[in-house]
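Colleague: In case you want the letters, here they are:
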Amino acid sequence: MKKMKLSVLLAMFALVIGVLAACGGNAGGEETEGNTSGNSNSGGGEASETSIVVAGSSAMQPLVAAAAEQYKADNADADIQVQAGGSGAGLSQVQEGSIDIGNSDVFAEEKEGIDAGTLVDHQVAVVGMTAAINPKAGVDDLTKQQLIDIFTGKVTNWSEVGGEDQEITLVNRPDSSGTRDTFVKYALDGETPAEGITEDSSNTVKQIVADTDGAIGYLALSYFDDDTIVKAKIDGVEATNETIGSGDFPIWAYQHSYTNGEPEGLAKEFLDYMLSDEVQTTIVPEQGYVPMTDMKVERDAEGNITEK
Amino acid sequence: MAKASVSPSAEERLILTKKNRRWDEVRGRSLVTICAVIMIAATIAVTVFLAQKGLQSFTVNNINPIAYLTSANWNPTGGENASFGIFPFIFGSLAVTFLSALIAAPLGIGAAIFMSEIAPKFGKKVLQPVIELLVGIPSVVYGFIGLVVLVPLLRDHFPGIGFSLFAGVIVLTVMILPTVTTIATDAMRSLPNSLRQGSLALGATRWQTIRKVLIPAALPSLLTAIVLGMARAFGEALAVQMVIGNTRDIPGSIFDTAGTLTTIVTLNIGHTTYGSIENNTLWSMGLILLIISFVFIFIVRYLSGRRKI
Chain A
1 MKKMKLSVLL
11 AMFALVIGVL
21 AACGGNAGGE
31 ETEGNTSGNS
41 NSGGGEASET
51 SIVVAGSSAM
61 QPLVAAAAEQ
71 YKADNADADI
81 QVQAGGSGAG
91 LSQVQEGSID
101 IGNSDVFAEE
111 KEGIDAGTLV
121 DHQVAVVGMT
131 AAINPKAGVD
141 DLTKQQLIDI
151 FTGKVTNWSE
161 VGGEDQEITL
171 VNRPDSSGTR
181 DTFVKYALDG
191 ETPAEGITED
201 SSNTVKQIVA
211 DTDGAIGYLA
221 LSYFDDDTIV
231 KAKIDGVEAT
241 NETIGSGDFP
251 IWAYQHSYTN
261 GEPEGLAKEF
271 LDYMLSDEVQ
281 TTIVPEQGYV
291 PMTDMKVERD
301 AEGNITEK
Chain B
1 MAKASVSPSA
11 EERLILTKKN
21 RRWDEVRGRS
31 LVTICAVIMI
41 AATIAVTVFL
51 AQKGLQSFTV
61 NNINPIAYLT
71 SANWNPTGGE
81 NASFGIFPFI
91 FGSLAVTFLS
101 ALIAAPLGIG
111 AAIFMSEIAP
121 KFGKKVLQPV
131 IELLVGIPSV
141 VYGFIGLVVL
151 VPLLRDHFPG
161 IGFSLFAGVI
171 VLTVMILPTV
181 TTIATDAMRS
191 LPNSLRQGSL
201 ALGATRWQTI
211 RKVLIPAALP
221 SLLTAIVLGM
231 ARAFGEALAV
241 QMVIGNTRDI
251 PGSIFDTAGT
261 LTTIVTLNIG
271 HTTYGSIENN
281 TLWSMGLILL
291 IISFVFIFIV
301 RYLSGRRKI
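Chains as they are written, first to last, in our numbering: chain A, 1 to 308; chain B, 1 to 309.
Where hints are given, some of them may not hold.
To be verified - Once the Cα atoms are required to be at most 25 Å apart in a straight line, the calculated SDA-like pairs of lysine to any residue come out as:
1. A:K136 with B:V148
2. A:K268 with A:P250
3. A:K154 with B:T205
4. A:K136 with B:P159
5. A:K308 with A:L275
6. A:K154 with B:T77
7. A:K136 with A:G162
8. A:K185 with B:P159
9. B:K125 with B:I210
10. A:K136 with B:V149
11. A:K154 with B:D249
12. A:K185 with B:L134
13. A:K185 with B:A82
14. B:K124 with B:L134
15. A:K144 with A:T306
16. A:K154 with B:A72
17. B:K124 with B:T205
18. A:K144 with B:T77
19. A:K268 with A:D77
20. A:K154 with B:K212
Unchecked claim - Interface residues of chain A toward chain B, partial, derived using beta-carbon atoms under 8 Å:
21. G88
22. A89
23. S92
24. D175
25. S177
26. I197
27. T204
28. V237
Since the hints were derived computationally from the structure, they do not count as laboratory data. Every residue gets a Cβ at the ideal spot worked out from N, C-alpha and C, and that includes glycine.
With the rest of the complex left out, here is chain B:
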């Protein structure tokens, strides 16, 4: 740093470091600002590009957006009779998302309470690493296990042919469980100890403390955990694609096959040519996925904004 070879006087040192500090300040500041700007630019670029590409089915191919969203008839290769209705896939996406959140939420929050309130040592040493390990497994592995283990199991013990909404829900539940659990655990752990002590001092049991004090206090963060889990479930394609059947009908029961926006896009995009109607409608599905994940993000922002403690 300081170039002076002989030990400089205090005054000199101060001047030298002051100079360095200013340069350091500017350099550090520019570095992190550039990082931030790149991220913002990337997000904007993706959004603009997807909007431009996704709107083409309506502006260039003149598909009626209302019919596109509400019709249940998807037959893009029908030539003259081609029809583009993606309602079954929107329905499928929302169904797997909400159903898996419905299972993962109590499991994840339960595990979080166990780890933070009941057995903090065991939780931190054993349970948390085990759950975090689940994040590292690639989704294709979940899909493959679903295909060779889960689907035959469902086929033997439930109505239907195994490939079903239910299979997709189970696979997704396992996949989003770590997200829900980790965030919920952090939320519970970040609650101030004074809450627990105050409640216990008033004579409440541990369970009463958890149920009446801690859960309500952590609720906004717990909801955030669930919504983030749902966002992950909504965007997952590969694992779901392998077990859900990818049909274009609205499922009549949980044991029926279904399709989701993501699985239809990944199945078809490589086979279509850029600029064709079918390709454009797939981009529109991508746009809808983006819009819905924006909605998820806004919900998360709103929920964490309400956090009081």
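One chain only, chain A, in its complex shape:
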């Protein structure tokens, strides 16, 4: 009799565990700390909310983390957790409500499976990027057409574009990466890059380009901080905050912080802080991004550029 009871109890226990595991999984993978914010959200009076979770684009993580540190130094009771995980994960999680702010390198409209209607876009900075070339290739200026020819595999030797006699090695980012999306859209006019080495981290891309003769990849401007790689000019235009702000240099993207509905409480305060002069004139340029205040042009999700 006792045995029976015990086994029934254990069976029920197993069932509960199973259901819990399935639920946790359905909510979507990596929500280790997402839970806390979810609770505070649903429980939430806006004034009492002192803890938010920000996740998404790994390219934006250093910028947002630096701003969060600064904000926490000024507001002792604010708790802002900044996690990476990728733009897709950021958008998915903010839509589900498991995080408060989702960072993305691309417009939510461009990501499949996201209902952009419910998300509110806050553009906190602009990131410029350009081709990174191994110094031994002997090239530092490419026309857009040459860039397309190189990345689609039509040109396979640097001598064909005025450099040394050296094979070209392409270094790509993964298929859905925001950096790759931006580069393909604005540098390659939507042409699909040919096969090459694919690496996920920009640091690894930089290291490979620096070490491999004839390599070319693409990186955000903040990575061009030494002369191990060449920062390519496109059509003779150097990538700087000024040329990007004026719209002369084409390869750039907004750094989006998305909220599910209009932000409230700490999320709103933090986003306002991100856009304040304090952050825009110090942390943003220090981290290698272009401040929103420098942008004389605007771009919408379809890529149409208008004067501000």
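Once you have looked at the hints, place chain B on chain A.
Modeller: Coordinates of chain B only, in the frame set by chain A:
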């Protein structure tokens, strides 16, 4: 335990301990049963969840499973022309797994024989700790060493650009060597001494004993060691990702770049949104990884079931 303050009689003590023992028995039994049930539940939950998620690309997105497994064309972001063929990654995964096992097996079994038969003292004191130390190194460290040391070395001395199937194989070989060696050593050590004595008594030399008696006797366990090493190689993502190049073509030679199931999943999963086709196809790759590791486990069960000694 026993609450009686004055020394109880023998009869009393027996009754008291008997009670305690029964309670202890139930408590201990429930504790370990709960542990076992949690583990089983976790495994089932993971399998069910992965199956449900992984089958979505076929049930919701209507991708043809045959084409998914056999097509060599992977272009998930092609919009209208998107195609989902993961054969190159299955090929890459199997290639690095088998090639690294091919190198690690003789090395590991050789080391095991050395440790158990040739120099047991030296083996136990020096070689075994050294090899076990390799397990503790995080895979990102293997990957980074591969990236900054191995890749430039291969680039200078072999055809290709350094990032290659070969680089992945070398890194994996080092990573699975401890697994193979440790299990093989245990297998050799657990052989009864009567085997060695019998063989020597018949006039066989040490080498003949090892080759004709000990290795055949330990063979099922040695194969288990290799298969477990292969299972580890198959599931490794991070270190391989850093050195293999992660391309979507089937490699033409061992010095070509390649991609594996694990590296493609880890590279892409964070950039995709839940529920999108690309995300679903990545989950399907996870399901395939799970199925293949089940196969590895079944092989191990089968092999250890055949063990005779």
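Colleague: Now look at each hint and say whether the structure bears it out.
Modeller: Structure-based check of all given hints:
1. A:K136 with B:V148: It holds: about 19 Å lies between the C-alpha atoms, which stays within 25 Å.
2. A:K268 with A:P250: violated, 31 Å
3. A:K154 with B:T205: violated, 65 Å
4. A:K136 with B:P159: holds, 19 Å
5. A:K308 with A:L275: holds, 17 Å
6. A:K154 with B:T77: holds, 21 Å
7. A:K136 with A:G162: Holds - the C-alpha atoms of G162 of chain A and K136 of chain A are around 12 Å apart, at most 25 Å.
8. A:K185 with B:P159: Roughly 34 Å separates the two Cα atoms, so the pair is violated.
9. B:K125 with B:I210: Since the Cα atoms of K125 of chain B and I210 of chain B sit roughly 22 Å apart, the hinted pair holds (cutoff 25 Å).
10. A:K136 with B:V149: It holds: about 20 Å lies between the C-alpha atoms, which stays within 25 Å.
11. A:K154 with B:D249: At roughly 18 Å apart (the allowed maximum being 25 Å), D249 of chain B and K154 of chain A satisfy the hint.
12. A:K185 with B:L134: violated, 45 Å
13. A:K185 with B:A82: Status holds; Cα separation ~17 Å.
14. B:K124 with B:L134: With a Cα-Cα distance of about 15 Å, the restraint between K124 of chain B and L134 of chain B holds, given a limit of 25 Å.
15. A:K144 with A:T306: Judged against 25 Å, a Cα distance of about 21 Å means the pair holds.
16. A:K154 with B:A72: With Cα atoms ~22 Å apart, K154 of chain A and A72 of chain B stay inside 25 Å; holds.
17. B:K124 with B:T205: holds, 23 Å
18. A:K144 with B:T77: Since the Cα atoms of K144 of chain A and T77 of chain B sit roughly 22 Å apart, the hinted pair holds (cutoff 25 Å).
19. A:K268 with A:D77: holds, 16 Å
20. A:K154 with B:K212: violated, 60 Å
21. G88: holds, 4 Å
22. A89: holds, 5 Å
23. S92: Since chain B brings a Cβ to about 4 Å from S92 of chain A, closer than 8 Å, the hint holds.
24. D175: holds, 5 Å
25. S177: Holds - the Cβ of S177 of chain A comes within 8 Å of chain B, reaching about 5 Å at its closest.
26. I197: OK, holds: I197 of chain A within 8 Å of chain B, min 4 Å.
27. T204: holds, 7 Å
28. V237: With a closest approach of 28 Å, the V237 of chain A hint is violated.
Checked against the numbered hints listed earlier, the structure breaks hints 2, 3, 8, 12, 20 and 28; every other hint is satisfied.
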